[in-house]
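**Student:** So you can see what is in the structure, the chains are spelled out below.
Number of protein chains: 2
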Amino acid sequence: MCEEVTLGMIKAAATRIQGQLHRTPVMTCSALNRISNKQLYFKCENLQKTGSFKARGALNTLKTLLETGVKPELVVTHSSGNHGQAVAWASDALNLPCTVVVPEGTPKVKCQAIQGYNAELVFCTPTPTGRKETADRIAKERNGVLVHPYDNYNVIAGQATIGFELLQEVPDLDYIIVPISGGGMTSGISLAAHYMNPECQVVAVEPEGKNLQNCIDAKERLWDNPPQFLNTIAEGIKTQQLGQLTFPILCNLLEKVITVSDKEMADGCKIIAERMKLVVEAASGAAIAAALSNQCEFMNGKKVGIILCGGNLDMDALPWQIVN
Amino acid sequence: MCEEVTLGMIKAAATRIQGQLHRTPVMTCSALNRISNKQLYFKCENLQKTGSFKARGALNTLKTLLETGVKPELVVTHSSGNHGQAVAWASDALNLPCTVVVPEGTPKVKCQAIQGYNAELVFCTPTPTGRKETADRIAKERNGVLVHPYDNYNVIAGQATIGFELLQEVPDLDYIIVPISGGGMTSGISLAAHYMNPECQVVAVEPEGKNLQNCIDAKERLWDNPPQFLNTIAEGIKTQQLGQLTFPILCNLLEKVITVSDKEMADGCKIIAERMKLVVEAASGAAIAAALSNQCEFMNGKKVGIILCGGNLDMDALPWQIVN
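Chains A and B are the protein sequences, given in the same order. For the record, in the first sequence the residue sitting at position 279 is 278 according to numbering that gives the first Met the number 0, with numbers rising by one throughout. For the record, in the second sequence the residue sitting at position 102 is 101 according to numbering that gives the first Met the number 0, with numbers rising by one throughout.
Excised from the complex, chain A in its bound form (with noise of 0.2 Å):
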């Protein structure tokens, strides 16, 4: 399926990262599964370390890196959310010196977090090329290596433990509910349940505007060019284009899209801090939203995984506070 991405990759990339990392628990909630008339089964990210999944795949690409000994004399990435904390967080776990480009307007409490992990921070002009450039010049300037949020194999192997451990412990899914933003973790679940359990579909969730169904169907990159930010509140899943690698695998494993508005997002991230007791980011207030909407009623009766990818919220500002 994916000669760069095997099982074996997946399953030496858990082993990478067990120990530094949380195996997060799956848990169980029967009012929605009364409500959702589905047996969910919640793979709980928010509670992984730096509160997001991120660290999965930053903490397996230096890993692997360090592994074939080359040592970065610097770390670089692009993000002011959930992957420049993973980054500057794995590099700091490793001891390696760590520069995460972030937008001018980054909230400073988002520039503290990334900074609490010792990384140094860059500002840059707030689109996704002016991130990329400054990034890109950063490390070539000095010596650095680049960690790609999702186009990156080893991100890709670190991102499909999330599935693989959610098959270990649930392995008769019948579908798994998966954000997109780039594609990492959903090529990465994708792979895994593949390998693992063919049966098993996964679906993606995104914002309006992403238009993916499309694109999968056609096979073909229909996104305008530059790269946009989605508008909405989910914003760890505004990336509107998936990457050259991701895209791909997902054209060939990916079962369905489903669009859900940034209002759904908001009720999905109530619905979960109500009745789970869980803080979840509007991403994956998305997952939970496209389980209750009448477009995933074919997956009634049925076990359906369901990805909490992060939980990283401004406490002074939720997203069914700030939604219009």
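The set of hints was computed from the structure by calculation and includes no laboratory data. Quick caveat, the model's predicted, so the values are computed rather than measured. Among the clues, some could well be false.
Restraint ranges, calculated between C-beta atoms of paired labels, are given here [stated by the list, open to error]: (1) G115(B) / N94(A): 50 to 56 Å; (2) E103(B) / V108(A): 38 to 44 Å; (3) R33(A) / R22(B): 20 to 26 Å; (4) K301(B) / V25(A): 30 to 36 Å; (5) N94(A) / N323(B): 42 to 48 Å; (6) N230(B) / D135(A): 56 to 62 Å; (7) D173(A) / V121(B): 40 to 46 Å; (8) P225(A) / K301(B): 52 to 58 Å.
Computed list of lysine-lysine pairs in BS3-like fashion (alpha-carbon distance at most 27 Å, straight line) [what the hints assert, rightly or not]: (9) K109(A) / K262(B); (10) K109(B) / K262(A); (11) K269(B) / K269(A); (12) K107(B) / K70(B); (13) K269(B) / K109(A); (14) K131(B) / K262(A); (15) K269(A) / K109(B).
Pulled a few chain A residues facing chain B out of the computed Cβ check, cut under 8 Å [claimed, not checked]: (16) N45; (17) L46; (18) G50; (19) L277; (20) K301; (21) G310; (22) M314.
Every residue gets a Cβ at the ideal spot worked out from N, C-alpha and C, and that includes glycine.
Start from chain A and add chain B according to the hints.
**Tutor:** Same frame as chain A, but now just chain B:
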């Protein structure tokens, strides 16, 4: 120590509730360890059925009753909060009819939560005395069995299973910090600790105005009568007086009382949401607030259990958003 609640009774309670209730996880958080200078072990009763520990005592009491061959015609209690939900849930789980007395003016969402477990609601005047008299009258008229929120040895044995499970998992705890109201949970956990690890000291955390330390020091009920509710955002621990059964146990076993303000509790809830991604109510916020306050510096470097007793919050009026 307490012939009415032996280690055997606590073990029997643990077996009795198994399967119908969660063995809640014990979580750790490296950030909060660092901030508090302690090794903290969080017993997550916010993840318990009904959203609080109260389900333990309620289920243990009703199942014990059924085991003795008594099938009550009606289960009665008075509480608009966690105990009301817990008794309604346990009655429903055991197919027993249930009436919950709630004070006039109880928010609709709380009434619905109780009714969601198929219990009948009866309204009363909103004072401790009004509640008790109404519940007593209904129990008498309709041949019902009253389940007291704390002054009942089966309730105490049920809540003791929290300490039992926690000390099974972390046997060498130095301290356990427990939010206190009527004292059912605190006396239960104190007894479990006394039997399982007498070196482990229980510290109670109270809202302002409870004055428990003076009562414990004097071994005397110094509170004004009739019983009052404290003016606090922590609804779960607003009862001022300890029970007639719980007070003597705690006079013997309680190490110390810590008092925290509403602001400290609210900040405690916020830091648990931010750092651990858990929704906890103000009473649970009190426990982490105590651990973070300079009143608990004597615990620095030690292993400290923190009881996150519940997670039932109004998501539109979170403690850190409503506190003055």
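**Student:** Against the structure shown, which of the earlier numbered hints fail to hold, in ascending order?
**Tutor:** When the structure is compared with the hints, numbers 12, 14, 20 turn out to be violated.
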